[in-house]
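Going down the list, the sequences are from chains B and G.
Here the first sequence is numbered in our numbering, starting from 38 and rising by one per residue.
Here the second sequence is numbered in our numbering, starting from 9 and rising by one per residue.
In case anyone wonders, no lab produced these hints; they're calculated from the structure.
There's no promise every hint is true.
To be verified - Restraint ranges, calculated between C-beta atoms of paired labels, are given here:
(1) Ser219(B) - Pro385(G): 38 to 46 Å
(2) Val471(G) - Gly64(B): 48 to 56 Å
(3) Lys475(G) - Leu113(B): 33 to 41 Å
(4) Leu80(B) - Val471(G): 46 to 54 Å
None of these values were measured; they are calculated from a predicted model.
Cβ atoms here follow ideal geometry from the backbone N, Cα and C, with glycine treated the same way.
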Amino acid sequence: MIIENSPTILSVQGLRASINGTEILKGIDLTVKSGEIHAIMGLNGSGKSTFSKVLAGHPSYEVTGGTIQFEGKNLLELPPEERARAGLFLAFQYPIEIPGVANTQFLRLAYNTVQAQRGKEELDPLEFDDFVREKMKLLEMKPDFLDRSVNEGFSGGEKKRNEILQMALLEPKLSVLDETDSGLDIDALKIVANGVNRLTNKDNATILVTHYQRLLDYIVPDFVHVMQAGRIVMTGGKELALELETRGYDWITANKQQDAGVSA
Amino acid sequence: MSAVLQSLVNQPYKHGFVTDIESDIAPKGLNEDIIRLISAKKDEPEWLLSFRLKAYEKWLTMTEPEWQNVHYPKIDFQDISYYSAPKPKKKLASMDEVDPELLRTFEKLGVPMHERAALAGVAVDVIFDSVSVATTYKQKLAEVGIIFCSISEAVHTHPELVQKYLGTVVPVGDNYFAALNSAVFTDGSFCFIPKGVKCPMDLSTYFRINTEGSGQFERTLIIAEEGASVSYLEGCTAPRFDTNQLHAAVVELIALDNADIKYSTVQNWYAGDEKGVGGIYNFVTKRGLAKGVNSRISWTQVETGSAITWKYPSCILRGDNSVGEFYSVAVTNNYQQADTGTKMIHIGKNTRSTIVSKGITAGHSNSSYRGLVRIAPTAEGARNYSQCDSMLIGDQCGAHTFPYIQVHNNSATVEHEASTSKIGEDQLFYFSQRGIGAEEAVSMIINGFCKDVFQQLPMEFAVEATKLLSFKLEGSVG
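Next up, chain G with everything else stripped away, as it sits in the complex:
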């Protein structure tokens, strides 16, 4: 990691937080009272409180999983505060007040001007009228009947939809962290695309009003009705900081007949310093249900941040002829750890899935691909193609592949390909003998390696992701 980023990430996050924290924060620890407090503070209906309590009860009976190939000290769940009122952040008056180092990082990453302001904590309207942009955006969506708001808002404005779908793809007791999330989630996104509507633009959390303070237990629910389609973008390439170490989000996607949901993530949470101290633990449950016939769920992720990444965006292919896709680039450097992959559960007839996973491992980091392809007895004619490639940079890192394949229908076709390669001194020397410096060479090799995944990203995201990767790996070779 470059000295610039180093100094940047090492400084205390000074732009976002007000000093008077004590008054509006719940006492540390988790119990029924805290859950009731969260629900009451958010003025939630009774059914949601019982959803939370049921999840909490489940959670109490569960133990923290240990099978994943990552190592971290035990988390004390009673030492976390589970609620703090979302408060307006202190705004800086102009870009001039922003730390120049931070601006240089944005410059290097090519973060768009208006996003830079928002990320640095500048009151955006000084430079860019984001409120009006967001309003126009919302109006445009409302015209075609799309609901896009925070999940807390949806609980009040569209309770019947939230109640109908929440927890149907990731049940409250699905896994330890999903149960915890279900009990204590504070906010997240809600998105509903009605029958027959093609969402006219990519939906991005950046434009969602009230994104601040979604907190460490984020909950996202996206529903595409019959024949609807949507492309949803999560995260951004600029480094994101948070004082909460543990993040346990849940994302649920539901696609009805002929519906299509594409979910793209670029994740760049603080990864800890070069010795591996600090950094976010990102334990996420993401799952899509391709419920209807001919429906499609597609996950694309570029994971570059977090001290520990642990997630398996999955597809349950229940509808006949439904399609599941998973395209992933996971980059780890220094002491980062990532255990990531997907699950493709084929239930419907002629269901198809594609998995393309690219792991880039540098420094002392450790990266694992873990994937399950399960063909149920009902999945007549199902097909899967998986490709898992690892690239190693240096000789202190590790890459692992754990494919699980369970086929219970003999008409299925399952293919798995894997490769491991290395950016070697000889490759870099070859580039340099043609006048090309190490940095450009690495960027070119990495982009070539990730091409199949980047092609799946929306255009601007792809450009940013390319730069982000080079930035992340800067100084790790040569």
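Chain B on its own, in the form it takes in the complex:
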């Protein structure tokens, strides 16, 4: 929802980043305010996943220019774990498998770390068990999932639900969902989208990184940004996503070239 005068959570200006010397992000500007849902769309290779990883502080990427302010803090100065503790959450496109580590253990450690950071109460294993089971209902997850190793042998849908469960547990200020819809069948997509919708409120914000309009039928964005070649080239309301669905991305490229022609 767009709220008058709501505080800015994220402010990105002129962000440039590269991996192994190749520049992927070529100057991104984006402002996200409390209560808003933003969708970032674009073709493969446009840089949208890179953008989400750079926000979270993935060590493979080098930030070569620009600034990121997150709740008034200079995000680029913080290591990834401190960004997470400050309330930035990334739902991974490909959640990582961690053999031998039980999900419940992992979830509790993550939860307690963030709770400690916020000066809130940490939970012992029994209390946590009750707490997490409650949250799991939101995503219609089976209880045996707690004893399994983190993401190991999970189906695509289970992995994505596990990401949203973590979002539910950690109650982040800003959630970045990187292609959360990929690999989900329609039923799983509904469950995940429903979970996300119940977690969004006026005090947090969400960035959906996605390829397709499909997800946006269930999670309705306030803004849609189109990314191309490492830049946001167009911004609109939710209707822009529908237009992309029918017209594809080419017309934007064409428009851009025209613009370029005019300004030259």
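Given the structure of chain B, go ahead and fit chain G onto it with the hints provided.
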């Protein structure tokens, strides 16, 4: 390795040794006279001297093995002094005199208070009355007929038992280093659990009086009579230093009918500095004989120290229905090398063995699992299950698996599973994106990886081992 440990291990060991060494130490070199001297100094019976001499003769005909996957400069066996009289160590008056760095290491490892004092060389009775603890301990054991003392003491107090069993599991000429040990061993532990007795507590070398000065050629002999059972703990998690580079111990276990011996080791000898200079060579022969029907020998080891670890705690399953187990975690970092595993020799009918080996390799280190499962023609219905997992940290280390399987009875079932995994940047990033720092993440991954082995350790040992592993791998990732 952290800077703290680094500076700690690099300093000369200053707490343990008296300055006047020359007078009570045998001249360097090994010959018959030296062996006679060792035996005479220890006032040993004739049969033990001839045991030593026989071993020495064998040793002379043998050559140092070279098949193992470790590399080290040739050892000059004539440049080692094989006997020095055990002397009381210089005691510090209180914990205040102990190097604060050392105390911090203990703190980090969670070493119990009384052990810290003993390890740092503080006269323990200042803080903790260990003598009385050890005495109570001994009394309790004596009440049920258990003998637990140094092997030198046992030679005098229970010669018939020592003579009956010594060298029956590891013969004097078994291998190069076992032969050397048999010729020159100075001390070690002896433990005898009589028929039908379940040892009421875990036996730990820490509580054995006269542990000091067991030296580099340690000899341990544990016997469990019919229906007896015992759990024995060796070593501790705190770093151990020694001026002797070569350590060649021999451990023999004998389990009679329905007896059960569980032997747990946590080894953290000085591993050398981060460039691989110095460190202990730990060449150990450990073997258990499950002699009686339904007997069980179980080895659990957590190997984290030494520049070179070379050991294969083994089980000879002679009794029908006997059981052999081997649970191992071997951690190597920097330039450490480990070639370790087990041998399960199935001779009796329906014998069963389990091997769970976990290797964690970091830095420039190299780790090998080497295991033999042999099913003899007599071992009708024998079963083995082996699982060997390696975890690599970084891209400069190496992990190798050498399983040898010899089956001579077609009713046997042998299973072998192996896996290799890596702690990758992506795993650590995943943890950190959930607010969990690299150190905690590694600790969690490692503990998950080693879970099956840690479960086998006695409770306190398991807790210490967990901390030790994180400590050992600190700074190797992220």
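Tested hints:
no., hint, verdict
1, Ser219(B) - Pro385(G): 38 to 46 Å, "58 Å, violated"
2, Val471(G) - Gly64(B): 48 to 56 Å, "52 Å, holds"
3, Lys475(G) - Leu113(B): 33 to 41 Å, "34 Å, holds"
4, Leu80(B) - Val471(G): 46 to 54 Å, "53 Å, holds"
Hint 1 from the earlier list is the only one contradicted by this structure; the remaining hints agree with it.
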